[in-house]
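Undergrad: Spelled out, the chains give:
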Amino acid sequence: MNETVLELTKIVKRFPGLIANDNVDFDLKKGEVHALLGENGAGKTTLMNIVYGIYKADSGDVKVNGEKIEISSPRKAIEYGIGMIQQHFSLVPSFDVTQNVALGLKDLGIIPDLSRVKKQIMEISKRYKISVDPDAKIWQISAGEQQRVEIIKLLYVKSQIMILDEPTAILTPQEANGLFETIREMTKNGASVIFISHKLKEVLEISDRITVLRHGKVIGSVKTNETNENELAKMMVGREVILKIEKKTSEITGDILKVKDLRVMNDKGLEAVKGLNFEVRGGEILGIAGVEGNGQKELAEALYGMRTYSGSVTVNGAQMRSGKVMDRIKHHVAYIPQDRKADALCGGLPIYENLFIKAFSSPSMSFNPYFFVPERLRLPSLRFIKDYSISASSVDLEVKFLSGGTMQKVVLAREIGNSSPKLIIAVHPTRGLDVGAEEFVYNVLMDQKARGAAILLIAGDLFEIFNLSDRVAVLYEGQIIGYSQPDESHLEEIGLMMAGVKNENTF
Amino acid sequence: MKIRFEKRDKKPSKLLIFLASLLSILIALVFLGFIILSLGDNPLTAYWQLVSWGLGTVPGLIQSLVSMMPLLFTSLGVLIAFKMKLWNIGAEGQFQMGAFAATWGALYLFPHLTNPWLLIPLLMILGMAAGAFWGFLPGVMRAYLGVNEILSTLMLNYVAIYWVNYLTYGPWKGPHSYNFPVTAQFPQSAIFPQYGVGGLNLGIFISIGMAFFVLYLVRYTKFGFHLNIAGDNLRVGEYAGINVKRMIILVMVIGGAISGLGGMAEMSGVLFRLQPNFSPGYGYTAVIIAWLARLDPIATIIVSFFFGVLLVGSQQLQLFMQIPSSLVNAFNGILLFSLLASEILLHYKIKWMRA
Amino acid sequence: MNQDIITSTLSGALRAGTPLLFATLGEILAERSGVLNLGLEGMMLMGAFTGFSISYITGNLWLAVIAAVLVGGLMASLHAFMSITLRVNQVVSGLALVFLGEGLSGFWGHGFVGMQAESFNNIKIPFLGDIPYLGPIVFDRDILVYMGYIAVPVIWWFLYKTTAGMNLRAVGESPDAADARGINVVLTRYIYTVVGGFFSGLAGAYISLAYTPMWVQNMTAGRGWIAVALVIFAIWDPVIALIGAYAFGGISVLQFSFQIIQVPIPVNIMNMFPYLFTIFVMLFASSNKIKKRFGAPSALGIPYSREEKT
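Protein chains in written order, with the working numbering: chain D, 241 to 747; chain U, 28 to 382; chain C, 153 to 462.
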């Protein structure tokens with residue numbers, strides 16, 4: 241139990257504009273679960289990518305079982321017994337489970353001996369109690385089952401060092417418990433696990449030791465049974481984090497968003513939203529909780545008009561038409577999508593143009609379509625730069641050069657600053673942002689709520705939902721399985737709902 | 028040894044971009060020199076022949092301008108689509124259809140119209156309409172069915188070429204076609220005003236004017252603003268309320284119309300009759316011109332002129348050094364490769380790493 | 153009389169379809185690795201020119217074919233370097249390859265126009281060639297056509313039954329997954345892009361050494377582009393590619409059959425048929441959303457970078 245299987249010394253990794261890992265020391269002992277804790281962007285994934293051979297450190301040493309080695313590629317990492325389950329799975333959708341486990345195996349032969357692989361998968365499945373169907377095609381199975389396939393891949397090659405990167409992001413609380421049991425089984429059999437997370441409760445439950453990273457530096461390394469939530473939180477952000485935003489109470493007016501029997505298809509042609517009914521009133525924030533992949537993306541896109549649907553969506557009494565974004569813009573609907581780089585901003589265009597992409601669609605602006613000089617938008621842009629503290633050297637800077645937090649500010653400035661929206665659809669609005677930017681976003685949303693806007697907040701992070709919402713709805717497999725109160729005491733109830741267990745007492 | 032690319036965190040300056048283009052041309056010329064050497068000819072003499080006539084003599088200059096005209100029209104047609112990342116390779120077909128429509132109008136639809144003030148604008152409209160239609164088809168296919176526009180425009184190119192072939196070998200075969208089929212000559216009222224006898228015609232000035240119009244369209248209108256947004260990120264265009272399907276069709280139609288006008292101008296301004304294979308691939312060269320000009324309409328004028336000089340020069344090469352004019356195609360290919368490589372270097376730093 | 157039409161059309165389909173088949177199979181392999189190579193027309197032309205000129209110079213047909221294949225691979229490697237290592241826009245790079253191929257083949261081929269060179273003759277396969285009706289059509293052809301017959305099942309078996317084929321499919325569909333499993337994505341893409349070039353060179357050689365034994369500028373007449381469309385039509389599957397290639401071959405020779413039975417469609421209108429049919433086929437293939445289910449290379453045309461921090 242005292243043997244050190246992995247040792248990282250003074251690891252430095254730089255990217256243009258930031259230092260992702262700043263002289264990081266880290267070690268892993270045999271049979272332990274060592275958690276790597278930190279917020280988004282702290283450098284956890286980068287560090288582990290170095291261990292797994294995806295990145296190369298600028299300086300520093302990696303020692304496996306006492307031997308200093310160069311891990312130049314994932315293949316090399318696998319040879320040293322290191323396995324990693326990343327946040328985005330490495331699975332081939334059209335292959336079945338067996339083929340995915342077999343892919344890249346050294347002794348597979350010219351004609352792959354898939355029956356042998358299948359047999360071994362079943363053995364592993366039995367031994368570690370991981371339920372999986374070897375013949376199922378990846379694109380057909382759930383995220384949780386896909387993760388189990390990833391775990392089997394690691395166990396198949398007898399990985400001794402397993403790195404799990406935010407594994408519970410796509411799991412229900414109950415599935416997460418199942419994962420923890422599997423982890424305990426694996427460490428009992430001699431494996432060592434590095435558990436990357438930003439969730440305090442989890443980390444306290446599963447790990448033996450915890451190392452906290454912040455802005456690329458190691459803040460501290462503690463034994464799990466010698467610390468607590470608050471201490472960890474302080475290390476993670478440098479201050480008391482359970483960010484209690486002052487929830488402003490505001491006058492609640494009538495229904496602004498009314499959704500009836502909404503049905504939306506996803507990209508695979510399957511129904512992702514199966515008959516939703518709900519309302520959001522002016523001055524309130526409705527939080528939609530749920531494990532990612534239960535129809536949130538499709539819901540948001542349908543509501544804003546970027547995806548077709550059947551059913552009725554009305555904003556302020558006006559009927560919206562399926563797939564017509566202009567209807568929404570004309571009725572003052574703002575949308576802050578999940579992937580701001582891909583969906584909300586033109587990376588190659590300057591800030592001032594991004595601030596005004598709705599120049600000709602929005603009813604609050606009128607420009608001459610036949611004589612329009614975009615450069616003249618620079619002046620009005622300055623106001624937004626000031627109001628939203630957008631830190632950029634000039635409005636001419638192309639948006640792709642901005643940081644995540646600054647990008648989000650541009651989106652907010654455009655959606656909210658330009659017109660006073662009556663309905664705001666915000667999806668994971670603080671994803672990838674540091675605490676300062678997070679606080680900024682929360683304050684903006686609170687302000688809008690006070691002004692009487694209706695806000696639909698779709699987020700995976702329960703604490704974000706608790707912080708902001710007045711009501712919580714839980715989305716499970718495309719339907720609202722129940723409502724609840726944004727209070728920690730209701731956490732278990734919400735967790736169960738997220739896993740599909742309907743609570744008879746809701747509403 | 029591994030090569031790693033690091034994105035530069037500064038936008039390359041206009042000067043740098045210009046120098047990169049210049050460097051690409053030089054590299055292409057060097058390779059061209061090797062190819063010429065392979066035939067046993069002197070590359071330096073070839074270079075000289077290539078540019079001296081088109082740039083150095085007055086009749087040569089005029090011929091260069093005449094060659095520039097179809098190149099400029101088709102490049103502009105292609106440029107608009109490229110700004111939206113729509114790969115319109117169909118300028119050749121749109122050009123041919125424009126020529127066809129102009130011929131149809133001049134010889135068969137309005138043979139008795141003798142007033143050039145009426146006939147010529149009418150022919151221009153016909154040419155633009157035919158080109159627009161030839162752009163409309165792939166536009167609709169792309170907008171509503173997601174059909175790859177590279178292939179659809181390419182296929183339509185061949186259809187247009189065979190259509191012209193059919194007409195000139197068949198029902199429109201003129202009285203003076205002995206060894207080579209040509210239609211009857213355009214009546215005087217269908218011919219662009221000519222300035223002198225070298226071929227300098229109104230069409231050339233119209234093409235330059237068109238470049239300015241495209242500049243206006245792309246920079247100072249709502250259409251241009253939306254074009255830039257959709258070109259950067261189609262999804263964000265949708266998000267901003269832009270009707271993306273309509274944009275796609277509109278862009279293909281406008282581009283097609285401009286190329287079609289080019290075909291009409293080639294008829295009314297230079298050739299005065301329709302014949303098979305009257306285009307040495309203007310529509311394809313247009314792709315390179317648009318790329319080299321970095322999709323800037325004014326730069327397109329200069330680059331088209333440069334290629335006009337090259338075209339004229341390649342004919343000189345063939346005449347005096349027996350070097351086949353297909354050399355220019357090879358040059359275009361190498362140039363495009365150098366441009367692509369230089370584009371990468373402008374935006375990324377190359378780092379050599381020890382594995 | 154009617155029997156002659158059918159026989160000649162079927163024969164023509166096999167002959168005209170063979171170059172299409174080779175080019176399509178090669179591009180299927182390249183695209184399966186995730187690289188889009190639109191330069192088929194240029195590579196085929198260089199293949200045709202190389203094949204013809206080497207045959208003329210040396211009189212050795214097989215040397216000519218090998219040379220053509222190698223030239224195709226050489227051109228493809230240029231595109232591979234641009235697309236994989238430099239990560240330029242693959243569409244434009246492919247186009248540049250076409251220009252290059254057209255230019256160089258026309259330029260160097262100038263002196264070979266009107267010349268005669270060794271070409272492939274038909275070889276009748278014993279027993280099979282004597283089957284009534286079908287025998288002479290299918291089994292009395294030149295050896296390259298037979299190579300086409302064999303290529304399809306071989307490539308099918310390779311793609312779906314071997315480990316290398318499985319790796320190839322993984323690289324095209326999920327390069328991240330393949331990379332994480334230790335498969336060298338870059339090497340895979342290089343290999344299959346060049347292999348695609350080999351096939352295109354072979355296709356071109358067929359045209360100038362067997363189909364119409366001569367050299368004429370731009371003699372491939374757009375067949376490289378039809379092959380690009382055929383890859384989509386075939387949904388990246390070699391067997392469907394076979395059906396498509398021979399079908400297109402049949403359509404392009406239809407005009408001769410029509411002339412014999414004196415269908416009054418002008419030659420030039422009939423020349424349009426293959427291209428119009430290609431458009432029609434694309435309309436059909438595009439509206440089918442079965443691409444995802446059948447494992448189309450979803451990473452097609454997107455350069456792969458392990459370190460790209462998004």
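These aren't lab readings, by the way, just hints derived from the structure by calculation.
Possibly wrong hints are sitting among the right ones.
As a list, the in silico PhoX-like pairs of lysine-lysine whose alpha-carbon atoms are at most 20 Å apart [claimed, not checked]:
{"id": "1", "chain 1": "D", "residue 1": "LYS662", "chain 2": "D", "residue 2": "LYS570"}
{"id": "2", "chain 1": "U", "residue 1": "LYS34", "chain 2": "D", "residue 2": "LYS570"}
{"id": "3", "chain 1": "D", "residue 1": "LYS640", "chain 2": "U", "residue 2": "LYS37"}
{"id": "4", "chain 1": "D", "residue 1": "LYS581", "chain 2": "U", "residue 2": "LYS37"}
{"id": "5", "chain 1": "D", "residue 1": "LYS474", "chain 2": "D", "residue 2": "LYS441"}
{"id": "6", "chain 1": "D", "residue 1": "LYS296", "chain 2": "U", "residue 2": "LYS34"}
{"id": "7", "chain 1": "D", "residue 1": "LYS303", "chain 2": "D", "residue 2": "LYS269"}
A short list of chain C residues far from chain U (calculated; beta carbon distances all over 12 Å) [what the hints assert, rightly or not]:
{"id": "8", "residue": "ASP156"}
{"id": "9", "residue": "GLY211"}
{"id": "10", "residue": "MET234"}
{"id": "11", "residue": "SER235"}
{"id": "12", "residue": "LEU256"}
{"id": "13", "residue": "HIS262"}
{"id": "14", "residue": "GLN268"}
{"id": "15", "residue": "LEU280"}
{"id": "16", "residue": "GLY281"}
{"id": "17", "residue": "VAL391"}
{"id": "18", "residue": "ILE392"}
{"id": "19", "residue": "ALA399"}
Computed from a predicted structure; not experimentally measured.
Don't be surprised by glycine CBs; every beta carbon is placed ideally from N, CA and C.
Undergrad: Work down the list of hints and note, for each, if the structure agrees.
TA: These are the hints, each one checked on the structure:
Using a Cα cut-off of 20 Å, the hinted pair LYS662 (chain D) and LYS570 (chain D) holds, with the two alpha carbons roughly 11 Å apart. A C-alpha spacing of about 39 Å is found between LYS34 (chain U) and LYS570 (chain D), which places the hinted pair above 20 Å, so the restraint is violated. Distance hint between LYS640 (chain D) and LYS37 (chain U) is fulfilled; the C-alpha atoms sit about 11 Å from each other, no more than 20 Å. For the hint pairing LYS581 (chain D) with LYS37 (chain U), the CA-to-CA distance comes to about 18 Å; that is within 20 Å, so the pair holds.
With a C-alpha separation of about 14 Å, the suggested pairing of LYS474 (chain D) with LYS441 (chain D) holds against the 20 Å cut-off. Note on LYS296 (chain D) and LYS34 (chain U): the hinted pairing holds, with a Cα-Cα distance of about 17 Å set against a maximum of 20 Å. Restraint check for LYS303 (chain D) and LYS269 (chain D): the C-alpha separation of about 12 Å stays at or below 20 Å, so the hint holds. Residue placement check: ASP156 (chain C) keeps its beta carbon more than 12 Å from all beta carbons of chain U (closest about 27 Å).
Every Cβ of chain U is farther than 12 Å from the Cβ of GLY211 (chain C); the closest lies at roughly 23 Å, confirming the non-interface assignment. The non-interface label for MET234 (chain C) is inconsistent with chain U: the shortest C-beta to C-beta separation is roughly 6 Å, within 12 Å. With 12 Å as the threshold on Cβ separation, the claim that SER235 (chain C) sits away from chain U is violated: the shortest Cβ distance comes to roughly 9 Å. Taking the minimum C-beta to C-beta distance to chain U, about 5 Å, the non-interface status of LEU256 (chain C) is violated against the 12 Å cut.
Consistency note on HIS262 (chain C): stated as away from chain U, yet its beta-carbon is not over 12 Å from all of that chain's, at 4 Å minimum. No Cβ of chain U comes within 12 Å of the Cβ of GLN268 (chain C); the nearest lies about 20 Å off, and the non-interface call holds. Every CB of chain U is more than 12 Å from the CB of LEU280 (chain C) (nearest about 37 Å), matching its label as outside the interface. Non-interface status of GLY281 (chain C) relative to chain U is upheld: no Cβ of that chain comes within 12 Å, the nearest being about 36 Å off.
At roughly 22 Å from the closest C-beta of chain U, the C-beta of VAL391 (chain C) stays outside 12 Å, upholding its exclusion from the interface. For ILE392 (chain C), the condition that its CB be more than 12 Å from all CB atoms of chain U holds, with the nearest at approximately 17 Å. The Cβ of ALA399 (chain C) lies farther than 12 Å from every Cβ of chain U, with a closest approach of about 16 Å, so its non-interface assignment holds.
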